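A.B. asks: Sequence:
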Amino acid sequence: MQLEILPVGAYEANCILLWEDPAKAWVVDPGADGPVIVRRLKELGLTPGIILLTHGHFDHIGAVNAVVDAFPAVSVRLSKEDALFAFSPMNQTAGYPPTKRPATLDATIREGDVLTCGGLSAKVMQTPGHTPGSCCFAFEKQRLLLTGDTLFCGSCGRTDFPGGDWRQMGESLKRLRDLPDDYRVICGHGPETTILAEKQDNPYFQA
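Numbering of the sequence shown is given in this note's numbering, commencing with residue 1 and proceeding in unit increments.
Honestly, I wouldn't trust all of these hints.
[Unchecked claim] SDA-like mimics (lysine to any residue), calculated; alpha carbons at most 20 angstroms apart, straight line:
no., residue 1, residue 2
1, LYS80, ARG101
2, LYS199, PRO162
3, LYS100, LYS141
4, LYS141, GLN168
5, LYS123, ALA107
6, LYS123, GLU140
No wet-lab data here; the hints were simulated from the structure.
Bear in mind that the values here come from a model prediction, so they are computed numbers and not experimental data.
Model the full assembly from the supplied sequences, consistent with the hints where possible.
C.D. replies: Below, the structure is given as structure tokens:
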């Protein structure tokens with residue numbers, strides 16, 4: 001697996017590019033700066049086969065249509081719970097206009113699904129709390145976990161936005177804590193970490 005992280009937009013959301021087969025790359029959370037993402041894909045010789053959205057907040061979906069426009073065959077995957085609000089006019093803020101519903105959206109991912117594309121596979125873990133349909137993606141073979149805004153290095157996602165739920169966040173963090181210590185964790189914002197490091201240092205991740 002090859003991987004590149006692009007912090008995008010005013011909130012520096014981590015857009016993640018992953019691939020083994022350059023003709024079927026993964027794009028995770030294209031949140032802003034669509035031309036930058038598309039240009040980098042082309043520079044790397046990548047054609048995306050799948051776009052994964054960890055959740056529906058504006059700073060994680062804002063450039064999805066720029067990628068779809070450049071690569072019209074790419075499938076966009078999101079939970080049905082977050083699809084209910086993600087493309088609403090209410091899901092915006094200054095500098096992030098509303099995002100229209102992508103033409104290739106498939107809002108059916110759910111707990112336990114295994115997504116495959118281009119020689120890579122990721123297991124879906126539904127981890128509500130930050131949003132009702134937040135998901136993490138576990139690449140078990142590579143010991144890689146993409147957490148969106150559920151888990152951060154030394155912290156966790158906010159639950160005071162509409163649809164947030166602190167009790168659910170606690171349950172979701174417990175599930176992540178049960179993963180093997182050697183998992184590399186790429187979060188929705190900020191630096192990467194590991195499950196072991198979070199067990200040792202994250203006050204929201206303690207038993």
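A.B. asks: Check whether the Cα positions of LYS100 and LYS141 lie no farther apart than 20 angstroms.
C.D. replies: violated (34 angstroms)
A.B. asks: With the threshold set at 20 angstroms, check whether the alpha-carbon distance from LYS123 to ALA107 stays at or below it.
C.D. replies: holds (16 angstroms)
A.B. asks: Take the C-alpha atoms of LYS199 and PRO162, compute the straight-line distance between them, and say whether it is at most 20 angstroms.
C.D. replies: Violated - the C-alpha atoms of PRO162 and LYS199 are around 28 angstroms apart, more than 20 angstroms.
A.B. asks: Compare the distance between the alpha carbons of LYS141 and GLN168 with 20 angstroms, and conclude whether the hinted pair is satisfied.
C.D. replies: violated (27 angstroms)
A.B. asks: Holds or violated: LYS123 and GLU140, Cα atoms, limit 20 angstroms.
C.D. replies: Holds, at about 7 angstroms.
A.B. asks: Checking one constraint from the list: CA of LYS80 to CA of ARG101, max 20 angstroms. Satisfied?
C.D. replies: holds (13 angstroms)
In summary, the numbered hints that this structure violates are 2, 3, 4.
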